[in-house]
Amino acid sequence: MDLTWTPEQEEFRARAREWLAANVPDRPLPSGDTREGFAAHLDWERRLFDARWSVVSWPERYGGRDASLWEWLLFEEEYYRAGAPQRVTQNGIFLLAPTIFEFGTPEQQDALLPRMAAAQDLWCQGWSEPGAGSDLAGLSSRANRVDGGWRLSGQKTWTTRGAFCTHLFGLFRSDPESVRHKGLTYFLVPLDADGVTVRGFGRLDGDEGFAEVFLDDVFVPDSAVLGGVGKGWSVAMATTGSERGLTLRSPGRFLESTRRLRELAEAQGAGGRLREEVVEASMRADAYQLFTLSQVSDLVAGAKAGAESSLNKIWWSELDVLTHRTALALRGAEAAVDEPWSRGFQFSLAGPIYAGTNEIQRTIVAERVLGLPRVGR
Amino acid sequence: MDLTWTPEQEEFRARAREWLAANVPDRPLPSGDTREGFAAHLDWERRLFDARWSVVSWPERYGGRDASLWEWLLFEEEYYRAGAPQRVTQNGIFLLAPTIFEFGTPEQQDALLPRMAAAQDLWCQGWSEPGAGSDLAGLSSRANRVDGGWRLSGQKTWTTRGAFCTHLFGLFRSDPESVRHKGLTYFLVPLDADGVTVRGFGRLDGDEGFAEVFLDDVFVPDSAVLGGVGKGWSVAMATTGSERGLTLRSPGRFLESTRRLRELAEAQGAGGRLREEVVEASMRADAYQLFTLSQVSDLVAGAKAGAESSLNKIWWSELDVLTHRTALALRGAEAAVDEPWSRGFQFSLAGPIYAGTNEIQRTIVAERVLGLPRVGR
Amino acid sequence: MDFRPTELQRELAAGTRELLDARCTADVVRAAWDKPGTAAGLWASLAELGLPGALVPEAAGGLGLSVSDLVPALVETGRAAVPAPIVETALVAVPLLLAAGRDDLVAAIVAGDALVTAAPAGEPVPWVPGATHVLVLGEGAVLAVPGIRVPAVDGSRPLARLADDGAEELTVAAGDVAAARLRGALGTAAQLVGLGERQLAMTVDYTAQRQQFGAPVGSFQAVKHHLADALLGIRFAEPAVRAAALACDGDPGAGDLRRAVATAKALASDAADQVSRTAIQCHGAMGYTDEYDLQLYAKRTWALAAAWGTAADHRAVYADAVGPAAR
Amino acid sequence: MDFRPTELQRELAAGTRELLDARCTADVVRAAWDKPGTAAGLWASLAELGLPGALVPEAAGGLGLSVSDLVPALVETGRAAVPAPIVETALVAVPLLLAAGRDDLVAAIVAGDALVTAAPAGEPVPWVPGATHVLVLGEGAVLAVPGIRVPAVDGSRPLARLADDGAEELTVAAGDVAAARLRGALGTAAQLVGLGERQLAMTVDYTAQRQQFGAPVGSFQAVKHHLADALLGIRFAEPAVRAAALACDGDPGAGDLRRAVATAKALASDAADQVSRTAIQCHGAMGYTDEYDLQLYAKRTWALAAAWGTAADHRAVYADAVGPAAR
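Residue numbers (full-length UniProt numbering), protein chains in the order written: chain Z, 1 to 377; chain B, 1 to 377; chain Y, 1 to 327; chain P, 1 to 327.
Isolated chain Z (complex conformation) (with noise of 0.2 Å):
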């Protein structure tokens, strides 16, 4: 048992360091929710490509470095220490792509990986419906079987910056006989498609940052499948799993965000509970450090990720609510101003929404994790 780094390892975090200090934006970037900011974030997306900084963890025929977990953990560490820009491309990266590392075929997997690295092909989520939030069983856009493809309609909304993307993914009943998760299928959407209508609409944070979809009888080929017919459900929950777990929201967040809180501390002198909670923000960072590294080291050797990613969602959502809430306490009347601390707090307070509330989380680590019986609500 150990938490040293290896030699190779300090290696690879130095090289990181030592680019992203040339590199990253001496001043933040406007938001990546508006379209102005959204240019400019590409922009960024397209330097850390070409610097094969994008998509570390990824073989390097798709323009990654072959990047452990470990490894990975170190560029997310330094990515957020050196204050980098939000990565715009992240609902592709870490929750389209793992799914299609799993269940795309070697076709798919050649086409659209190393677009996606590139920042050619922008993709957007499209989970929710109008009347399916976290209950994604509840989706009633149809997919209809028609010669040599599919025919989608319907409506999703919620898209994270869906009006500046290229691509959807998400499910659509496929068997229009079926209920609840049975009969859907997962489908991979180009936006510019005849029929596809994209609105975007403004986030409680004031950005433009979500947009609605409309489907009206879009075709796609039957490549636009990912992972089979019908299989539309395990395979998002293979996808869900990811945003849930260690791969979206890496410790290194946790730990800057904490350090800059105990800076606006410092700097405003304060005493009493509000010390108290920088400290109790502070050590939860490092617990989720430490839970984490327990994490990748099981994962490393085999171990596979399950209900506990639960765990984690929970607990980071709940400390970046706590980070940004003592921030705010500690600017007193300063809070009413809108600026990065109170931008981040309203920010925050998705975190135990999406990805499934966490209540829904504590009922899967209750039923999954400690075996309570699953009658009843």
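Treat each hint with caution, since some may be false.
Stated by the list, open to error - Stretch by stretch, here's where chain Y covers chain Z in the computed footprint (C-beta under 8 Å, at least three residues):
# : region
1 : 327-333
2 : 336-342
To be verified - Computed list of chain Y residues with no C-beta within reach of chain B, every gap over 10 Å:
# : residue
3 : ALA47
4 : ASP103
5 : PRO151
6 : ASP164
What the hints assert, rightly or not - One-sided and incomplete, this derived list gives chain B residues near chain P with beta-carbon spacing under 7 Å:
#  : residue
7  : ASP26
8  : ALA329
9  : GLY332
10 : ALA333
11 : ALA336
12 : VAL337
13 : SER342
14 : LEU349
15 : PRO352
16 : ILE353
17 : GLU359
These aren't lab readings, by the way, just hints derived from the structure by calculation.
Where a beta carbon is used, it is the ideal one built from N, C-alpha and C, also for glycine.
Position chains B, Y and P against the provided structure of chain Z, taking the given hints into account.
Using the frame of chain Z, we list chains B, Y and P on its own:
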């Protein structure tokens, strides 16, 4: 709208304060949940009765002072402020008596209430059974109709101070065909009747404060029925309402315990979070006082106490836990020593459990106060 | 001893609520985001009702009310998220301007012509643009000149810094200024109670209807218990606000003024903030969009929780005010 | 980088658990309430396994293990609520006695003849009666003489004050004493993790079976979420405890020793206390009697949460240790 006591109310308060100052024992009595301590507490109860302070809100003919709700609140505040002994008669006076006033016949009232006020009859409650805790409707103790009365059989448990009491009140299933909360009858049972066995056992805080009561074909006359055969459920609900409501937990208790908490904090020169929690507990005690004054203003004006009494119960019981947890945190390593604060902490943990767990109270608040749908759990 | 609101208090609150239900809908609050400071029509209605000059003596054209008479109506202005300085004008400024002998400005307030905003010195000043006068409370009190605007979390409550010069000192005692600051905290606490009640009601309505996993979201125990907790905070803050109002009016039974106001603002800030976060969580993604009205009230809540002293500030005041734990 | 416990560590823990499942049942802990300090048979078994002298070099008859080798076994001694000074002897005393050259006492520990208790100066000393030696850690370290007993919340872990005289100073550096205090906090944190796991498992078993309102109590969402929260605290404290053990052993990747130990003790104290309160609440009245075993583990939890620095104390240490928020 005002918060000012009338001269008559202030005069009543002064008389109570004066008598308590002259009569409250200098040293705390031994715990009333031990046999020896119970005897000492009985002496105190009889002194209270002799001076007409044992049941201030009752009619004079039963030993009370016909005091108003306001005067009762003032008396309670003075009682706690004076550090006067725990009321070992509280199950009778605060739980059973309101039910007798509401449902008892004139004969029952005249026979039972004066003896209760004088601590001649000592009442314990028989709500819980081995198979039924908060779920009163799951009771299985039986009452069989016989000539001139009833035969009671079954087992009651968790009866507070049952080993030292003379009488028990509780529900029995009088209709053998009935299920859930139908077919129950409220009985008053002398513990010296043939067929009754009482076995005391210990509590979390170490006292022998609980008892199991076994009833083996115990005969009671028809006059032992309170409120009518088969009406037990609605009669009992009125009693648990008063247990949860204002009558048992007067604000004076929490004003006094938070005052002692501030005293402790000052003696220890506490800083940081602990100081904040001391203030938080004090503010919550203030808020409980004001909430109660508002409720009593409504009651005095003729309003009915309803499901809102669940709000009282959640608030005071969790305030009591907060107060004692904060005290133990202030005491640091000394918290491992068995003394009043650490015993009080363990005792406080019963608050969110008994008289309907706080989970049940929150469901009541959500359904009956907020009007959320009852489907589901 | 009778802690129930009087008939006058209940009627003023009911009249305010009726007016605001009609004239200060969510659409009106939303419109104030785009054009802050344009609530003139709404203000005229409030002035007609008498709210801005409620504390002005009847002889001077006001309603001659006490602080505790006005506070239930201020709860209603919070419930509606009125996008104008009603607490600042009616509760903070009026008694101070009367003490300073500024009868001209008081008359303009009664007439509905003056909108006086106010803030503690050093804090961003709300309701600029919109207000006609800016009152700043430090050791003393000054009428100040607004400077640059700063972006606000709550766009319907715009913020500005002060210009460096042009301020005009008011002739008032230090105690008058301290009392005005306490009234600022009290009025804000009253509005937070109304905001909390509004968001809770919206969430109860939403979760009772919204179906998920084959049942209304509001039938799940976790949601029920979250909402019961939210109600608990608001219900226990509300009497504390009325008690602080009585303390402002000098009711001897209401105890120490600073302790009472600190309790009211700390409990109301924490309770309303808890309601906002719970409401967003229970709305799911719906709570997280600026097209749904909930965010209007959540953002006002966060802005007011930060104004006139945070909950932590007021806990420190309480610790000071309560002094030694004497029996 | 491999944060998994080694095979040796897992085996020592498994062996300890097997021993304690057989020899330290709830009945044994309960018996220690009536006759504190009579765990002699149990101690002999632990000594046979090598735990008291685990950190003693093999040349001196010990197991020659590191702190991180021992810590998983200490988690097991917490799970079983071992009524004897195993953390104090094995983890606190041994390295300090080695540094002080007290080979006689070390040999007695290895032989299972010496039970050394320990406490920070000024705190009540646990395991008296029972311990053969009392180590008190202030600026320096002394072997002290116990005085009067004081009543203990956890009757199976008796407490005493110190006699005024008769203490014998050990010749050790201040750094050795500071390190010993940190090991006391670490070992206690390890036991708290085991105690938390035990109470959580008992509560899962109970609520899965206990019927109320026609369904198992553990099928209600509120109970599920309480228990999920309890698990969360324990699962995130556990790696922090192992990391602190590595920091004691000087692993450069484990970071600052004081920060690591403070994190471990604060998180483990809060998590185990939360489990205890949740467990009692979920057991209903059953959790509230001294006939049911749960209370044995809850009371040990509260005693250990208060020992070697409370969570609040360790948050203060963390604030000190983490220093300026340098990048």
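Verification of the supplied hints:
Counting residues of the region 327-333 of chain Z whose CB lies closer than 8 Å to any CB of chain Y gives 5, so the stated coverage by that chain holds, three being the minimum. For the region 336-342 of chain Z, the stated coverage by chain Y holds: 5 residues have a C-beta nearer than 8 Å to a C-beta of that chain, and at least 3 were required. For ALA47 (chain Y), the shortest C-beta to C-beta distance to chain B comes to about 25 Å, beyond the 10 Å cut-off, and the non-interface label holds. Remark: the non-interface label on ASP103 (chain Y) is consistent with the geometry, its nearest Cβ contact in chain B lying 30 Å away (cut-off 10 Å).
Consistency note on PRO151 (chain Y): stated as away from chain B, and its beta-carbon is indeed over 10 Å from all of that chain's, at 31 Å minimum. Against the 10 Å criterion, ASP164 (chain Y) stays outside the reach of chain B, whose nearest CB is about 37 Å from its own CB. At its closest, the beta carbon of ASP26 (chain B) sits 22 Å from a beta carbon of chain P; the interface hint therefore is violated under the 7 Å criterion. A least Cβ separation of about 6 Å between ALA329 (chain B) and chain P falls short of the 7 Å threshold, and the interface hint therefore holds.
Nearest Cβ of chain P to the Cβ of GLY332 (chain B): about 6 Å, under the 7 Å cut. The hint holds. Evaluation of the ALA333 (chain B) hint against chain P yields a held restraint, the C-beta minimum of about 4 Å falling below 7 Å. The interface hint given for ALA336 (chain B) is met, as the beta carbon of that residue sits about 4 Å from the closest beta carbon of chain P, less than 7 Å. Interface restraint check: VAL337 (chain B) against chain P, minimum CB-CB distance 5 Å, threshold 7 Å, status holds.
With a cut of 7 Å, the hint placing SER342 (chain B) at the interface with chain P holds, because the nearest CB-to-CB distance is about 5 Å. For the restraint placing LEU349 (chain B) at the interface with chain P, the shortest Cβ-Cβ distance is roughly 5 Å, inside the 7 Å limit, so the hint holds. Residue-level restraint check for PRO352 (chain B) holds (minimum Cβ-Cβ distance to chain P is 6 Å; threshold 7 Å). A cut of 7 Å between beta carbons decides the hint on ILE353 (chain B): the least distance to chain P is about 6 Å, and the hint holds.
Taken as an interface hint, GLU359 (chain B) checks out: its beta carbon lies about 5 Å from the nearest beta carbon of chain P, inside 7 Å.
In summary, the one numbered hint that this structure violates is 7.
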